[in-house]
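Please build the complete structure, drawing on both the sequences and the hints.
There are 2 protein chains.
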Amino acid sequence: MLKKVLLFAFAGFAALAVGILIGHFGIGKGSSAPSWMSELSRDVDETFIQEFIAEVDNMKIQENLRELTRVPHMATTAGDEATVQYMLKRWRDKDTGLDAAWREDYRIYLSFPDKDTPNTVSVVNTSGSVLYAAQDKEKAYLLKQDDPEVVQPYAAYGPAGHVEGKLVYANQGKVSDYETLNATLSLNGTIAIVRYGGAGRADKAINAAPFGVVGVLVYTDPYDINDGLMSDENETYPHSWYLPPSGVERGSYKNDFGDPLTPYLAAKNGTYRIPVEDLTDVPPIPIQPIGFEDARALICELGGSAAPAGWQGSFPCTYNFGGPGFAGGSHFRDSDVKLDVYNRGELRDSANVMGVIRGSVEPDRYVIYGNHRDSWVHGAIDPSSGTAVMLEITRVLGQKVKAGQWRPRRTLIFGSWGAEEFGLIGSTEYAEEYASKLSQRTVAYMNVDISVFANATLRASGSPTVQNVIFTASKQVNIPGSDSVSVYDNWIRYSNRTSTAYGNIPNVGYMTGAGSDYASFVHYLGITSLDLSYTYDRSKTRARIYPAYHTAYDTFDYASRYIDPGFTSHQTVARTAGNVLLRLADSLLLPFNCSDYAETLEQYLAAAVDAFEAQLQANGVSMEPLKEAVKSFRMAATSLDQDIRASDLANETPLRSRMINDQLMLLDRAFLDPLAFPNKYGYRHVIWASGSSGVPTFPGVADAVEKEDWAQAHKHLSIVTQAISGAARTLAETHR
Amino acid sequence: MLKKVLLFAFAGFAALAVGILIGHFGIGKGSSAPSWMSELSRDVDETFIQEFIAEVDNMKIQENLRELTRVPHMATTAGDEATVQYMLKRWRDKDTGLDAAWREDYRIYLSFPDKDTPNTVSVVNTSGSVLYAAQDKEKAYLLKQDDPEVVQPYAAYGPAGHVEGKLVYANQGKVSDYETLNATLSLNGTIAIVRYGGAGRADKAINAAPFGVVGVLVYTDPYDINDGLMSDENETYPHSWYLPPSGVERGSYKNDFGDPLTPYLAAKNGTYRIPVEDLTDVPPIPIQPIGFEDARALICELGGSAAPAGWQGSFPCTYNFGGPGFAGGSHFRDSDVKLDVYNRGELRDSANVMGVIRGSVEPDRYVIYGNHRDSWVHGAIDPSSGTAVMLEITRVLGQKVKAGQWRPRRTLIFGSWGAEEFGLIGSTEYAEEYASKLSQRTVAYMNVDISVFANATLRASGSPTVQNVIFTASKQVNIPGSDSVSVYDNWIRYSNRTSTAYGNIPNVGYMTGAGSDYASFVHYLGITSLDLSYTYDRSKTRARIYPAYHTAYDTFDYASRYIDPGFTSHQTVARTAGNVLLRLADSLLLPFNCSDYAETLEQYLAAAVDAFEAQLQANGVSMEPLKEAVKSFRMAATSLDQDIRASDLANETPLRSRMINDQLMLLDRAFLDPLAFPNKYGYRHVIWASGSSGVPTFPGVADAVEKEDWAQAHKHLSIVTQAISGAARTLAETHR
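For the protein sequence lines, the chains are V and F, in the order given.
According to our numbering, the residues represented by the first sequence are 153 to 888, in order.
According to our numbering, the residues represented by the second sequence are 153 to 888, in order.
Since the list gives no way to pick one copy over another, a pair counts as held whenever it fits inside one copy or between any two copies.
In silico EDC-like links for lysine to aspartate or glutamate, alpha-carbon gap of 20 Å or less: (1) K420 to E776; (2) K420 to E780; (3) K554 to D247; (4) K692 to D379; (5) K241 to E215; (6) K832 to D408.
If you're looking for bench data, these hints aren't it; they were derived computationally from the structure.
Written out as structure tokens, the structure reads:
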């Protein structure tokens, strides 16, 4: 009986168990959770981020750089095309490539010197004999610098022309510099020599022309770039990172970004082009950059009175204004400086190389990471240090994708931009062509151009919303050679500020300029952007930038010997930038903090009140509406932050995180006003637009106050008030 | 044994059953479907739509209208404030109101006549005696027309001034009319009388001033409004819908929309205002509208040669040009016309009344329904016929919400706009203030201003994407008095076209003008918009609009006797508009058809090729890029349509429908170019912007070709090509 009972019981249990199994697995619940549920609520994977950090390989970055810098790769040259092919090869690699990669060409207006007839700068006496001729190329210390593809130093977009006149020294070529000079002598018919810095390249000539100056020479003073050092026998490259005497900074002498002939339109074959003669943002008179060795030979012979202390540089002579012209005691006395420029404009095809990793959950949300590919010469630091980092990031991520181990929540887009050196052209044409799609869908744009200026510390700039994610990432990455000091801890020692919310924190700069390819994204499209690099210990040098910048000395040799031996700073940047990228791409809730935007607006407001309120009030203009707007933004941000904290997004409807993310994604868009700055090409962001005033505040207001144009100041106060109130409203889900 | 076996078997089955039950219900699946799943995939409820249609009550609309038209309610008057309070009361009703309702005030610049010193128009002889004085108010047939709050007919924004001169007849006041006149006589120092139509109100004066004309009179010719009828003894109101002899159309004589002093800025208290003297879109010379009785007394006395046939109207005399001045045989001979205008501008507070029903699933997606509230006098048809309909729609829906029976998927926003009659001011200030939020979140804007012009047929205009939802709704609603003829079937008989996709269908007009409050939504914000009304049988009348338009005769009496006795056409509009509204608010997939946009673009292209290609080619401008762009749009639309058809949105991830809906919602946004039309205030939509050319095609291109400005034509071709290619790209989910 016991047996029977046991059998009975066993059979009963078995039946029960089978039933449970059938019930659990066999019957589809009318409302069983669909398979996509867990995928939708997946958040960033910290283990994966650690894996990523571990796999970023400094030696691979070094090899990327070596490959990228084999030949000069100025935009649209054969060397540039070789890098296009290299990028495509890498991004199409079957084991480490992306989902897709392709090129996009634009037909853009560039400017080049004449290979057969170099531009010349000479001193000619009254009978026309040449007493002195500036070097028309940089001295070769390595074979690379003798490559026939090394472009002669020139001022891109400077006009061709042949001018001659008495030389004057005009400091940095600012309007105030020419005014100072003009107060003591007539500039009519003169050639001005100016040093880099203080004013934009093109402005040095644009500012000069109204004073009657007929030509401009530009050089880099050793004071500004070499901490005063000048000798290539033991001081400058190849003995150090400093600029050799014949080194010349090339550059674009055009103010506005993008293809100059197709403003606001992508430069395709059939696109309308404005006539070249209508360009107003380029030098109206011939201009040519020269090395400091030549500059010294000219400046130290100048006559006239001594220039002010602030104009003096490192040459062992007094910098005089010029008589105009050379001193009576000089072997150049009575001689002119003659400038022959043979630059010419050309329409050329320039390629962006694009690559994509498709997002799994939100394929229509884009995180864009980019850097330009073109250089002036070999461009080891500018831009290949960034490209080498980008390629290492895509190698690690591409490998994971190809192995089926990972796919981002959102789509990752990588851009290798063309023709940045001529004025951010590739990225701008891309932004113009894809404007509607990008502005609707882009979460963030991350730019890493020169990844390592120097190996002291991280440098970051960006929208206040991304400050926090940069901090998070930089706390997880250690500095080169340390197992314990984080990038964050190191950074805060070099650059910090006091935040009302957090106390002492590293300083993330504002994106108020157009120094690299982020310009079109942040200023034109209002896309939340950030820019990362490794940079100097400012207590060690006052060099305005790394000394080989835009010269023939910016080679692999230079980078690996003087900028980042071992490429560990490159590795650190790749780890930090990749970490930020993964958080932007994979986080369920975008890692954007809108309250940090409120803090910036409050700082802007405080600066504006300090600097302008008294004057504005005296002229009948009230700042109260702006104060109210900033207050409303703070309240809206606090409220959204509370909502987020009270949420359990992984378990709420997938639309809830999408809604909040949309609010965060579109926040910077709300600051755009396409009509706010009619005279500033491509600037629409009323917080970050460039301004001429030195006050770190709302640029439209500051500029108007500086001009004492009270109507304009009032108008800009209203513009920024409306933008901030509007942005505050976008932080709330409801209508009102 | 059998019993035991049975018992055993039974126990076994029971255990199995219990097991199944436990397994099915007792064990939480790691991933059981959350409660919000079915809510997220809920689609539009056809039963609810039928309920809505059944509950729309014509008698309630009649009562709404009676209430709304008790007193004149010109913008910012006490009568206007009474309607503000009425709207708030209705929308805050505890049983039939909305979730929330509130007012939003703007401080705007309006223009009024002087109550104490009416504007006058008179004929004065050489000794200064008044031979004739035009009526300064309309004749009262009802007490209502004698209400002291009936504003004197005037030209809002016309300047004050006192001018006198010989009269000339200038037809419609177009530039070509003044040119014709000017070819036969000197216009210097003359007063021109012109009829409504052909040119905008302000343009009649703006066009005149350069010819030396010093003042303008405007009237409505019985030919244009009354099918020639003129006598109030048996022909016009109160005997019919026709305009009585003393009736005068008031209106805004300002071209641009929005508050004139705060372009692109919401007119708040502290907002920057441009100086009044900087306004360029208003009459530069005094101008005054008069009734046709007075116009006849003047025109029929004119001397000079006979005007062309096209200039003749219904008066029983030949319309002469004027000598200038009156005929030698006239009792007015040698006399001047004298015009004394006392209008003045004032800053006034005007209210929008806003109401909201919060969306359940996508609260951050807005469907906006609006109409203005202000009238010129009692405004029974314009705008209260629309407001009465809106209130009936909100009554039915509000009741469902308050009873907990329904809540829309998306948020519904209702706007009762202020100061439309002065130039769409309330809606424009709202669009400017909320621009960022509205452009990020608004699915569609629906406008029903005058809901019933006449009771013949539906009239609709809108973005091509909404054609289909209007058709769906109009097929479900029957025309007044019929159980079988749908609004759609009736409509197609009155107005139709041949579609490449559908064959013969009703004609949905383009939104190329700024005739009502949709202007800021479609032109400035690029929000998909539509406008609905009931209108004329054009075979029965050539009246350019219903004859009491903007006069003191537009009363409840007029509406209920001559426009829509029984209010069944109002009911039909409410049913149709409400049906569209519910589909926009509740559909899982937005009822937008992007392929219908492709058809419109193809039509535009064909028209442009027909009209312009030969000329453009002859001037070196190719249309090929535009053709490619339109082709790419068609392909993208076809592809999205296929994706949608292949989808099972109710069972796919909620993000999938949100992604597709975002693409559809933002499609019109992709056609915005804020810099395309620098001289057209508020126009940014490159497809729908107003154009001066008669060709139904891309306005920027057409206008440039008309001026034979080939560079400008090329530029606009590039602008529209880029916009269309960009829009095509937004239809794809992936990046490339």
